[in-house]
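Asker: Residue numbers (my numbering), protein chains in the order written: chain A, 1195 to 1734; chain B, 18 to 266.
Any given hint could turn out to be false.
Using C-beta positions, here's what the derived DEER-type ranges look like [what the hints assert, rightly or not]:
no.: 1; chain 1: B; residue 1: K162; chain 2: A; residue 2: K1354; range: 23 to 31 Å
no.: 2; chain 1: B; residue 1: V43; chain 2: A; residue 2: K1271; range: 29 to 37 Å
no.: 3; chain 1: A; residue 1: K1695; chain 2: B; residue 2: E181; range: 41 to 49 Å
no.: 4; chain 1: B; residue 1: S222; chain 2: A; residue 2: G1322; range: 29 to 37 Å
no.: 5; chain 1: A; residue 1: P1661; chain 2: B; residue 2: P215; range: 32 to 40 Å
no.: 6; chain 1: B; residue 1: I108; chain 2: A; residue 2: R1295; range: 47 to 55 Å
no.: 7; chain 1: B; residue 1: V249; chain 2: A; residue 2: Y1642; range: 25 to 33 Å
no.: 8; chain 1: A; residue 1: K1354; chain 2: B; residue 2: P206; range: 23 to 31 Å
no.: 9; chain 1: A; residue 1: K1695; chain 2: B; residue 2: P206; range: 53 to 61 Å
no.: 10; chain 1: B; residue 1: V43; chain 2: A; residue 2: Q1298; range: 19 to 27 Å
no.: 11; chain 1: A; residue 1: K1486; chain 2: B; residue 2: P215; range: 38 to 46 Å
no.: 12; chain 1: B; residue 1: S222; chain 2: A; residue 2: N1416; range: 43 to 51 Å
no.: 13; chain 1: A; residue 1: S1715; chain 2: B; residue 2: I108; range: 32 to 40 Å
no.: 14; chain 1: A; residue 1: K1274; chain 2: B; residue 2: E83; range: 52 to 60 Å
Result set (DSS-like, lysine-lysine): computed pairs, CA atoms no more than 27 Å apart in a straight line [stated by the list, open to error]:
no.: 15; chain 1: B; residue 1: K65; chain 2: A; residue 2: K1628
no.: 16; chain 1: A; residue 1: K1559; chain 2: A; residue 2: K1225
no.: 17; chain 1: A; residue 1: K1371; chain 2: B; residue 2: K213
no.: 18; chain 1: A; residue 1: K1358; chain 2: B; residue 2: K260
no.: 19; chain 1: B; residue 1: K19; chain 2: A; residue 2: K1628
no.: 20; chain 1: B; residue 1: K260; chain 2: B; residue 2: K242
no.: 21; chain 1: A; residue 1: K1358; chain 2: B; residue 2: K162
Just a sample of chain A residues kept apart from chain B, beta carbon distances all over 10 Å, derived [stated by the list, open to error]:
no.: 22; residue: S1237
no.: 23; residue: E1263
no.: 24; residue: G1365
no.: 25; residue: Y1566
no.: 26; residue: T1638
Worth flagging that the hints you see were computed from the coordinates, not collected in a lab.
Everything numeric in this text was worked out from a predicted model, so none of it was measured.
Using N, Cα and C, we set each Cβ at its ideal position, and we do this for glycine too.
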Amino acid sequence: MSNREVMEYDVVIVGGGPSGLSTAIKLKQLKSDLNVCLLEKASEIGAHILSGNVFETRALDELIPNWKELKSPIKTKVSKEKFLFLGKTKSLSWPTWLLPRVQQNHNNYIISLANLCRWLAEQAESLGVEIFPGFPASEILYNDDGSVKGIATQDMGLDKEGNKKDSFESGMELHAKVTVFAEGCRGHLGKQLIKKFELDKGKNPQQYGIGFKEIWEISEKNHEEGLVMHTAGWPLDNKTYGGSFMYHAENKQIFLGYVIGLDYQNPHLSPFDEFQRFKTHPAIKKVIEGGKRISYGARALIEGGLQSLPKMFMPGALLVGCDAGTLNMPKIKGSHTAMKSGMIAAEAILEHISQKKDLSIYEEKFNKSWVYQELHAARNVKPSFNWGLILGIIFTGIDQILFRGKLPFTLKHKHADHETLKSSKEMPKIDYPKPDNVITFDKTSSVYLTGTNHADNQPVHLKLNNPDLPINFTLDKFDEPAQRYCPVGVYEIQTENNVKKFVINSQNCIHCKTCDIKEPSQNITWVTPEGGGGPKYGNM
Amino acid sequence: MKILVAVKRVIDYNVQVRVKEDGTGVVTENVKMSTNPPDDNAVEEAVKIKESGKAKEIVAVTVGEEKAQETVRKALAVGADRGIHVKVDGIIEPLAVSKILQKIVDKEKPDLIFMGKQAIDDDCNQTGQMLAALLNWPQATFASKIEVKEKSLEVTREVDEGLETIEVNIPAIVTCDLRLNEPRYASLPNIMKAKKKPIEQINASDLGVDTKQRIEQIKVEEPPKRKAGIKVASVEELVQKLKNEAKVI
């Protein structure tokens, strides 16, 4: 591997989401002559970003105070809020003044996070940050002393068996004084770093959710620009953590989505079908009826909060945003905390480079910041839902409204998400209605809307540690849940001449990372495919 | 020998194209754009010819809005030497593009002009042919193989009946088929180097070309949805349905 080309930078950032871009911008603002390089695996910045998104501007106000004058895509101010408890056909509206303060949104904006990232990338480039989309960082490089030296980009032009094609291009090594990992939730290099440096030692297991999002163009009479609505309850049972969002954005569009905690127990549960079924509720159907679905996507997200937040520094490298896990779950927001973590990282890096301070100052600064305060106040909400939706809500009311997150104890996350599934024989099967292709859809027509493609004839980027396990164990024990938790149908069980086969349609993968998280034996590892592959999200 | 390669920015081929609600065109806002795929083949072929020592310089040219420059930058990253961006906003028709390219040819005096056989957005398949007429140069369209000889090109063309091999004298225009080659990846070091290569910007209005639209677009609509099929139990039933319901036999 020594024949790869090498470039030296002061800072290399892996990932062009809100945290990575904020790190880059802040670094150049603090010291304009730093050499900063940012890599993004998507074909362009924003194409792998998916988020609700109701945006709190706090971090951006600090980073780029004049964002309103710089043609930022932050336009639709939240004008009205609703919270509904759904029963099967009925709904109960919860007065907004009775919501905890963290769930009130009147100072926030409805945005497309993908477009915000594109705009942030323009700001970063104008400051001199070198941004390279289409180049996944696939490998961590280490110095002899064990510290992180940088990363290598993916080789391009390998065939299915890993042989070099005529078009083969070797990856490149990028070395840096500090490497910042900003891959988002369950970053595949971040995961390796957390393991190698035992960054999660003494922490609770990380908790995840899977979030779906569809963009609908709806009829004018149903559209109320600036309206933010959340729901809890149906179609999920009392034991399953989740809820929906519906944000009325500009241009008669609504952002409609569903989040389900990946600590669900029933292997027959299909998060995708729960989301589809949710749309048939009268309170939702009446809004989207007559409209048209124009986008679809899904992505895993962090739900663990402070108890699960790993140490964010190690020799030569930092984790920022949800590569570590800075999302604020009760607030249902992670963009502002991700951005702030990146800005703090930039300050720490500068002191490290210019004053030779240890990178541990990143954590010191982080613990003194408002992000830490937010996450600390939010820490007990998600674990309380282990007692079920109703008790969770009652506890959250007491914790968030009466005590404002200041109760003198911390609830724990007891299990990792891959440990929570029960045997398929013990759990009830769920009968999902067939899609009507008007309100509800199947996975095939949905993946079509994501614009996903991977060059064919390349190595499968979803690796099985034990290729026989799905058929020999997981199928019998859990009815192979990969068939259902994957939001685009990458995994299938096919029967050929009475022999069952586990098929991986990796070209459909939208890089959500759910399989890497939920596979009960942790048998699936997500690695980077060839650059530019994956979804091509527009304004997600 | 000098090769001019024309590239166009279009909606990425993986994106599901959506028709605007008012039928005036397709949605390009919030949509991933890329280089027209057969244009990538045209660039690749030019680079291969240069690598074989038969060409000295490759100039990549595009006509379009500010962001169309990205397609030239990509051509530079895979081996073009310098770029030209003719800036013009809004829809621009093949005839206007051909006239603009004619002006560029007058200035650059290339020996060969390569471009994709057609663009995947309007599917016109006209620019190469019109440019050949304007310049009064020979043309070889739908090329799937190109061999450079002393003063001519031997070009294999993809035609309905199979393959046709023709010889054209240089200077010539070749429009390229997807089968011509497999475009290479732009490597990271080469993209870094490409950022430093020059792109000359010219305003279309300065070239004295009339870019006014001549074709009136009446309406754009989605193809009708295909109805779900049905399964028949027997050949008899199939024949019956074809006869009585579909009335095709």
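Asker: Hint by hint, note whether the structure agrees.
Answerer: Here's how the hints hold up against the structure:
no., hint, result
1, B:K162 x A:K1354: 23 to 31 Å, "holds, 27 Å"
2, B:V43 x A:K1271: 29 to 37 Å, "holds, 30 Å"
3, A:K1695 x B:E181: 41 to 49 Å, "holds, 45 Å"
4, B:S222 x A:G1322: 29 to 37 Å, "holds, 32 Å"
5, A:P1661 x B:P215: 32 to 40 Å, "violated, 52 Å"
6, B:I108 x A:R1295: 47 to 55 Å, "holds, 51 Å"
7, B:V249 x A:Y1642: 25 to 33 Å, "holds, 28 Å"
8, A:K1354 x B:P206: 23 to 31 Å, "holds, 26 Å"
9, A:K1695 x B:P206: 53 to 61 Å, "violated, 41 Å"
10, B:V43 x A:Q1298: 19 to 27 Å, "violated, 40 Å"
11, A:K1486 x B:P215: 38 to 46 Å, "holds, 45 Å"
12, B:S222 x A:N1416: 43 to 51 Å, "holds, 45 Å"
13, A:S1715 x B:I108: 32 to 40 Å, "violated, 55 Å"
14, A:K1274 x B:E83: 52 to 60 Å, "violated, 38 Å"
15, B:K65 x A:K1628, "violated, 53 Å"
16, A:K1559 x A:K1225, "holds, 19 Å"
17, A:K1371 x B:K213, "holds, 25 Å"
18, A:K1358 x B:K260, "violated, 55 Å"
19, B:K19 x A:K1628, "violated, 60 Å"
20, B:K260 x B:K242, "holds, 24 Å"
21, A:K1358 x B:K162, "holds, 24 Å"
22, S1237, "violated, 6 Å"
23, E1263, "holds, 21 Å"
24, G1365, "violated, 8 Å"
25, Y1566, "holds, 35 Å"
26, T1638, "holds, 13 Å"
Hint check: violations occur at hints 5, 9, 10, 13, 14, 15, 18, 19, 22 and 24; the rest are consistent with the structure.
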